[in-house]
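Enquirer: Here is what each chain is made of, one letter per residue.
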Amino acid sequence: MKIKLAKEDIESSKIQLIERVSGEEMRRCYQCGKCSAGCPVSFAMELPPSQVMRFLQLGRVDEVMKANSMWTCVGCLQCYARCPQGVSVAAVLEALRQIVLRKGTDHERIKDVPFPFMKSAPQQAIVCGFRKFVS
Amino acid sequence: MPRIGVFVCQCGNNIAATVDTKKVAEEMAKLPGVVYTTDYKFMCSSPGQEMLKKAIIDNKLDGVIVSACSPHMHEKTFRKASEAAGLNPYRCEITNIREQCSWVHHDKTKKTGTIKSTDLTRMVIERLKRNRPLTKIKIPVRKKALVIGGGIAGIQAALDIAEGGREVILVEKEPSIGGNMARLSETFPTMDCSQCILTPKMVEAELNERITLYTYSEVEKVDGYIGNFTVQIRKKARYVDEALCTGCGECIEKCPFKAESQFEVGLTKRKIIYTPFPQSVPNVPVIDAPNCPKIQKDKCGACAIVCGPKCIDFKQQDRIETVDVGAIIVATGYQNMANERFGEYGYGRIKDVISGMQFERLASSSGPTGGEIRRPSDGKIPKSVVFIQCVGSRDEKKGVSYCSKVCCMYTAKHTMLYSHKVHDGQSYVFYMDIRSGGKRYEEFVRKAIEHDHAMYLRGRVSRVYEKDGKVIVQGADTLSGSQVEIEADMVVLATAIVSRDGADTLAQKLGIGYDKYRFYNEYHPKLKPVETVTAGIFLAGTCMGPMDIPESVAQGSAAASKALALFSADEMTRKPVTALVNRATCNACWDCLTACPYTAIEREDVRNRQGETIRWLARVNEGVCQGCGVCVAACRSKSIDLRGYTDEQVFAAINAF
Amino acid sequence: MTMKIPYYPGCTLNTVAKGFDATAREAALKIGFEMEELKLWNCCGATFPLTPDNLIALSAPAKVLSNARKEGDTVTTLCSVCYNVLKRTNKVIKDDKEKRGVINGFIDSEYDGSLSVLHYLEVLRDKIGFARLKEAVKRPLKGIKAATYYGCMLLRPFEDIGIDDAEKPTIFENMLSALGATPVDFPNKIECCGAHLAMNNTDVVEKLSGNVMTSAVDNGAELIVTSCPLCQYNLEKSQKRLIEERPGYTGVPVVYFTQVLGLAIGADINTLGFEKNEYSIMPLLHRKGIVAGED
Ligand SMILES: Cc1cc2nc3c(=O)[nH]c(=O)nc-3n(C[C@H](O)[C@H](O)[C@H](O)COP(=O)(O)OP(=O)(O)OC[C@H]3O[C@@H](n4cnc5c(N)ncnc54)[C@H](O)[C@@H]3O)c2cc1C
Ligand code: SF4
Ligand code: SF4
Ligand code: SF4
Ligand code: SF4
Chain S
0 MKIKLAKEDI
10 ESSKIQLIER
20 VSGEEMRRCY
30 QCGKCSAGCP
40 VSFAMELPPS
50 QVMRFLQLGR
60 VDEVMKANSM
70 WTCVGCLQCY
80 ARCPQGVSVA
90 AVLEALRQIV
100 LRKGTDHERI
110 KDVPFPFMKS
120 APQQAIVCGF
130 RKFVS
Chain B
0 MPRIGVFVCQ
10 CGNNIAATVD
20 TKKVAEEMAK
30 LPGVVYTTDY
40 KFMCSSPGQE
50 MLKKAIIDNK
60 LDGVIVSACS
70 PHMHEKTFRK
80 ASEAAGLNPY
90 RCEITNIREQ
100 CSWVHHDKTK
110 KTGTIKSTDL
120 TRMVIERLKR
130 NRPLTKIKIP
140 VRKKALVIGG
150 GIAGIQAALD
160 IAEGGREVIL
170 VEKEPSIGGN
180 MARLSETFPT
190 MDCSQCILTP
200 KMVEAELNER
210 ITLYTYSEVE
220 KVDGYIGNFT
230 VQIRKKARYV
240 DEALCTGCGE
250 CIEKCPFKAE
260 SQFEVGLTKR
270 KIIYTPFPQS
280 VPNVPVIDAP
290 NCPKIQKDKC
300 GACAIVCGPK
310 CIDFKQQDRI
320 ETVDVGAIIV
330 ATGYQNMANE
340 RFGEYGYGRI
350 KDVISGMQFE
360 RLASSSGPTG
370 GEIRRPSDGK
380 IPKSVVFIQC
390 VGSRDEKKGV
400 SYCSKVCCMY
410 TAKHTMLYSH
420 KVHDGQSYVF
430 YMDIRSGGKR
440 YEEFVRKAIE
450 HDHAMYLRGR
460 VSRVYEKDGK
470 VIVQGADTLS
480 GSQVEIEADM
490 VVLATAIVSR
500 DGADTLAQKL
510 GIGYDKYRFY
520 NEYHPKLKPV
530 ETVTAGIFLA
540 GTCMGPMDIP
550 ESVAQGSAAA
560 SKALALFSAD
570 EMTRKPVTAL
580 VNRATCNACW
590 DCLTACPYTA
600 IEREDVRNRQ
610 GETIRWLARV
620 NEGVCQGCGV
630 CVAACRSKSI
640 DLRGYTDEQV
650 FAAINAF
Chain D
0 MTMKIPYYPG
10 CTLNTVAKGF
20 DATAREAALK
30 IGFEMEELKL
40 WNCCGATFPL
50 TPDNLIALSA
60 PAKVLSNARK
70 EGDTVTTLCS
80 VCYNVLKRTN
90 KVIKDDKEKR
100 GVINGFIDSE
110 YDGSLSVLHY
120 LEVLRDKIGF
130 ARLKEAVKRP
140 LKGIKAATYY
150 GCMLLRPFED
160 IGIDDAEKPT
170 IFENMLSALG
180 ATPVDFPNKI
190 ECCGAHLAMN
200 NTDVVEKLSG
210 NVMTSAVDNG
220 AELIVTSCPL
230 CQYNLEKSQK
240 RLIEERPGYT
250 GVPVVYFTQV
260 LGLAIGADIN
270 TLGFEKNEYS
280 IMPLLHRKGI
290 VAGED
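Chains as they are written, first to last, in numbering that gives the first Met the number 0: chain S, 0 to 134; chain B, 0 to 656; chain D, 0 to 294.
Hints listed in this document are in silico derivations from the structure and should not be mistaken for laboratory results. Note that the structure is predicted; figures quoted are calculated from it, not measured. By construction, the Cβ of each residue, glycine as well, lies at the ideal position given by its N, Cα and C atoms. Be aware that one or more of the hints could be misleading.
Stated by the list, open to error - Quick partial rundown of chain S residues pointing at chain B, CB under 8 Å, derived from the structure:
{"hint": "1", "residue": "Met-0"}
{"hint": "2", "residue": "Leu-4"}
{"hint": "3", "residue": "Lys-6"}
{"hint": "4", "residue": "Ile-9"}
{"hint": "5", "residue": "Lys-13"}
{"hint": "6", "residue": "Ile-14"}
{"hint": "7", "residue": "Glu-18"}
{"hint": "8", "residue": "Arg-26"}
{"hint": "9", "residue": "Gln-30"}
{"hint": "10", "residue": "Lys-33"}
{"hint": "11", "residue": "Arg-53"}
{"hint": "12", "residue": "Phe-54"}
{"hint": "13", "residue": "His-106"}
{"hint": "14", "residue": "Lys-110"}
{"hint": "15", "residue": "Pro-113"}
{"hint": "16", "residue": "Met-117"}
Working from the sequences, and respecting the hints, build out all of it.
Expert: In structure tokens, the structure reads:
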């Protein structure tokens with residue numbers, strides 16, 4: 000991958016939106032990798048947490064949007080609990096989800112959720128899942 | 000018959016565990032000349048020392064051997080105790096039966112350890128029998144220091160020595176003192192203006208009556224040794240009489256010609272008669288002779304016409320002055336590596352690729368742009384600036400292997416200065432690692448990133464080229480695994496800090512060591528950080544290796560305190576273990592002279608009554624000789640002996656084995 | 000008079016995790032306090048928004064809190080998620096005046112965050128005391144090696160929750176010790192089970208929960224104790240794959256801490272809801288001689 004880097008990318012309106020919604024400043028992350036080390040679903044993410052941060056620092060929003068990372072995050076807050084800079088990647092990923100969901104695009108269709116799950120799972124899982132995946 | 004006493008130490012169980020100390024003592028008692036032997040738990044304890052003293056007096060001993068630990072540990076202790084009991088301290092010798100016997104032979108039957116201890120002690124006894132009493136060497140000390148190099152390290156050293164009540168001569172090769180710090184804009188991590196904190200010190204150095212400034216001068220020759228150096232200083236022709244010049248600057252005003260300004264790192268021109276910068280100390284111009292048409296071909300002379308006090312003298316010559324000092328502090332500083340070495344960055348080819356030092360001048364309010372960041376090619380304000388770190392540093396192949404230590408920090412500073420001056424600008428920094436160890440340094444770098452929005456990219460730059468008035472930078476960001484291309488308006492190189500041209504020549508004049516990068520060697524990197532192997536010569540600042548201002552200042556003060564400590568007594572004493580030339584057999588082959596690493600050997604001419612030289616002889620300067628013994632080995636006619644370790648003594652010891 | 004403690008059950012405990020609720024109430028009575036269900040409550044929303052820009056999600060838990068405040072000055076929960084959501088919402092309302100105003104505007108109240116939100120474990124530790132709990136034990140869980148699974152919501156983020164050390168918590172273990180069991184420490188005890196991904200990413204959930212289970216079992220656990228219905232669900236469900244993939248693995252019971260609490264303080268074994276567990280605890284209890292019977 001080769002990118003062109005300019006002020007407009009680093010401080011694009013998209014980045015500003017993510018910063019506003021998440022309440023996190025991308026440049027606070029100093030790329031230590033602690034979040035990726037502890038994230039339980041890092042292995043299943045196309046971009047692990049610290050790379051999500053890096054890509055956003057470079058203004059590469061589209062690639063982050065395409066990656067499965069935001070939908071794979073379980074919100075366990077290990078990243079935030081351990082980040083030496085106090086950055087919450089969890090918040091950034093949730094912001095990305097919200098930006099998608101607020102446009103009315105669902106990530107999960109309710110009718111696709113398996114029936115046995117709906118029947119047997121704890122209510123909280125269903126409520127929480129809908130909150131994370133459905134607009 | 001000698002009367003020797005032998006004291007064998009048990010060192011608690013340190014020695015006694017594998018050496019039968021009692022047996023060693025008994026064996027020694029059988030030797031001729033040994034009249035007293037004993038073993039004891041801790042010889043170095045006060046009762047142990049008392050016992051030694053008492054035995055010397057009671058038994059009228061004329062020599063003692065303490066078989067104990069390394070002489071590094073307690074030779075001093077036992078020699079002092081012997082001296083207190085009226086013995087010449089050099090009639091006390093140590094046998095090391097701990098490090099050399101008990102600690103290395105784990106034989107629990109004590110057989111090996113005991114045999115070896117007996118052998119070693121016997122050898123030392125034989126050496127001691129041939130040991131002549133020696134007296135400590137006393138050397139007078141001249142309480143005046145020479146500081147070479149008037150950067151911040153040298154200025155600090157000079158001020159501290161002056162404050163300590165001693166006189167200092169400060170030699171600076173440029174027309175003004177101040178060094179590299181005078182060029183800096185603001186300084187990390189506190190961002191105080193460099194000139195504002197430096198110039199008061201420069202003025203103080205000029206006005207202090209104990210400090211004599213020799214600017215535009217260089218050290219020509221150094222003779223002598225600790226406490227007694229004789230130094231020749233070359234005062235280069237300034238073509239302006241320092242005593243008469245009032246510093247009015249009329250001459251500079253009227254001079255019609257210009258040349259590149261070294262002080263401004265080539266960013267601008269200055270007159271042929273000039274002071275490097277407005278706050279120069281002393282404020283006396285010099286004429287750049289090679290570029291002056293008057294001096295070269297007797298044309299012009301405008302300056303002399305306007306000069307009121309008539310202090311311009313086109314015929315002035317270099318002058319050599321000789322000074323006597325007791326200590327020398329070397330503080331000759333650093334320079335930056337030539338950027339042209341790195342073709343990929345385009346320095347020298349692309350006008351808007353500049354060095355870090357040039358950026359300092361652009362950011363300085365006294366610089367060529369009055370502190371505005373304007374790029375050299377067209378004077379426009381650059382909206383996008385790329386900073387490249389580690390240019391030449393950490394680059395074994397094309398540059399130097401070491402880290403230049405300050406460039407991470409000053410690059411962060413540059414991005415801050417840039418963002419303060421160009422609000423809508425964007426800076427990018429290519430780095431390999433960020434090295435910001437130091438009080439408040441890491442916080443400083445984070446501030447550049449978080450507060451001043453510097454975009455840090457972890458990777459290097461492969462190529463810089465020009466396209467439509469832009470400087471295109473091709474690099475990598477290894478954190479995201481991508482190649483990066485930036486259209487920049489200006490590129491700044493954080494070039495490696497290297498030693499000064501000529502650093503090696505000066506080191507040879509002084510007789511101090513330097514490494515493969517020509518940085519001066521400290522005596523011990525941890526415990527003697529400002530001393531050199533040559534007694535009486537100290538180091539301060541970046542002539543030793545890259546460092547920042549706080550460290551340079553600390554070293555200046557440290558070196559000053561070393562000099563002041565030396566000046567605290569009227570004379571100093573030295574161990575009398577020095578080389579001695581046999582004047583009867585020396586045939587002046589000078590092998591010793593080339594072999595001696597401390598230049599302690601001199602040529603002495605022996606003259607007859609008519610004052611004619613009839614013979615040459617090698618002579619050891621006791622003030623300089625360190626007793627290393629290299630000359631002894633080098634002398635083909637066996638005319639040199641080391642006091643305390645004469646051939647006779649050493650052979651006796653070997654034969655006793 | 001027995002101490003009455005205002006109690007917020009939450010939806011899950013009112014439906015699929017009824018046993019969690021019932022055992023807690025009964026155990027309380029036996030120990031000497033009463034869990035008094037709030038008269039008026041609603042779902043807490045089951046997730047605390049991770050970004051600050053989502054105030055609407057705080058209106059549901061705020062409503063719970065505002066109503067609870069009318070009944071007392073504390074509210075206790077059992078489910079880790081409810082606890083997390085209520086406690087954090089309460090903190091936002093208490094500390095952030097501006098947000099407080101907006102939220103109160105949404106739900107038409109004047110709640111100020113003065114409630115203290117407790118977890119049942121905190122009640123046991125701080126109001127009853129584990130020493131007193133120990134005295135109440137009738138049926139010590141001697142010889143049972145129980146792994147305590149904290150998961151995420153009971154602990155993180157530390158500065159908002161603060162029930163215990165976020166990396167080295169001990170409250171669960173101390174409770175189990177009081178009950179006579181042997182707590183098993185294992186590396187994954189504060190790692191996520193996969194949570195709501197159960198909805199659409201069972202692969203990841205099976206992996207995460209599977210890691211929790213194997214890490215516990217490898218450290219000798221015979222029983223897993225938890226405080227969250229979703230954790231309980233995921234840990235149970237993930238074992239099917241373990242049974243298929245790990246030779247000799249037969250499944251380990253995953254129970255709520257209130258179930259073992261009830262067991263230890265002598266509740267009727269048939270009221271503890273053990274029959275609902277996919278992997279029965281009974282053989283273990285028989286083996287250890289805690290409850291008479293055969294494997
Ligand atoms: C771009 C840049 C920015 C920097 N910014 C900062 C900063 O913000 N903060 C900070 O702490 N540090 C900074 N530094 C480092 C700082 O410049 C040095 O730490 C400091 O100047 C070292 O002082 P010095 O006295 O050792 O050497 P120098 O300043 O080099 O002084 C040596 C002096 O000795 C003279 N000299 C040399 N040879 C001879 C000789 N043979 N005879 C007589 N005189 C001689 C020289 O002319 C010079 O005046 C920066 C460095 C660079 C390159
Ligand atoms: S909150 Fe999301 S990104 Fe952070 S550690 Fe947990 S799963 Fe990973
Ligand atoms: S732990 Fe924090 S600072 Fe480190 S990479 Fe992750 S977000 Fe960045
Ligand atoms: S003589 Fe030389 S220094 Fe003087 S004015 Fe002419 S050019 Fe300048
Ligand atoms: S200080 Fe930083 S920029 Fe300079 S050489 Fe060392 S690592 Fe490179």
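Enquirer: It remains to establish, for every hint, whether it holds in the given structure.
Expert: To see whether the hints hold, each was checked on the structure:
Look at S:Met-0: its Cβ gets to within about 4 Å of chain B, closer than 8 Å, so that hint holds up. At a threshold of 8 Å, the smallest CB-CB gap from S:Leu-4 to chain B is about 5 Å, leaving the interface hint in force. Interface hint at S:Lys-6: satisfied, since its Cβ lies 4 Å from the closest Cβ of chain B, which is below the 8 Å cut-off. Because the beta carbon of S:Ile-9 sits about 6 Å from the nearest beta carbon in chain B, less than 8 Å, this interface hint is met.
At about 16 Å, the closest approach between the beta carbon of S:Lys-13 and any beta carbon in chain B exceeds 8 Å, and the interface hint on this residue is violated. With 8 Å as the threshold, the beta carbon of S:Ile-14 stays out of range of chain B, its nearest partner Cβ sitting at about 12 Å, so the hint is violated. With 8 Å as the threshold, the beta carbon of S:Glu-18 stays out of range of chain B, its nearest partner Cβ sitting at about 12 Å, so the hint is violated. Residue-level restraint check for S:Arg-26 holds (minimum Cβ-Cβ distance to chain B is 5 Å; threshold 8 Å).
Checking S:Gln-30 against chain B by beta carbon gives a least distance of about 5 Å; that is within 8 Å, so the hint holds. Evaluation of the S:Lys-33 hint against chain B yields a violated restraint, the C-beta minimum of about 14 Å exceeding 8 Å. With a cut of 8 Å, the hint placing S:Arg-53 at the interface with chain B holds, because the nearest CB-to-CB distance is about 5 Å. A least Cβ separation of about 6 Å between S:Phe-54 and chain B falls short of the 8 Å threshold, and the interface hint therefore holds.
Hint on S:His-106 is violated. Least Cβ distance to chain B is approximately 25 Å, over the 8 Å limit. Because the beta carbon of S:Lys-110 sits about 38 Å from the nearest beta carbon in chain B, more than 8 Å, this interface hint is broken. Restraint check, S:Pro-113 versus chain B: the minimum CB separation of about 37 Å is more than 8 Å; hint violated. The criterion of a C-beta within 8 Å of any C-beta in chain B is not met by S:Met-117, whose closest approach is roughly 40 Å, and the hint is violated.
In this structure, the earlier hints numbered 5, 6, 7, 10, 13, 14, 15, 16 are contradicted, and the remaining ones agree with it.
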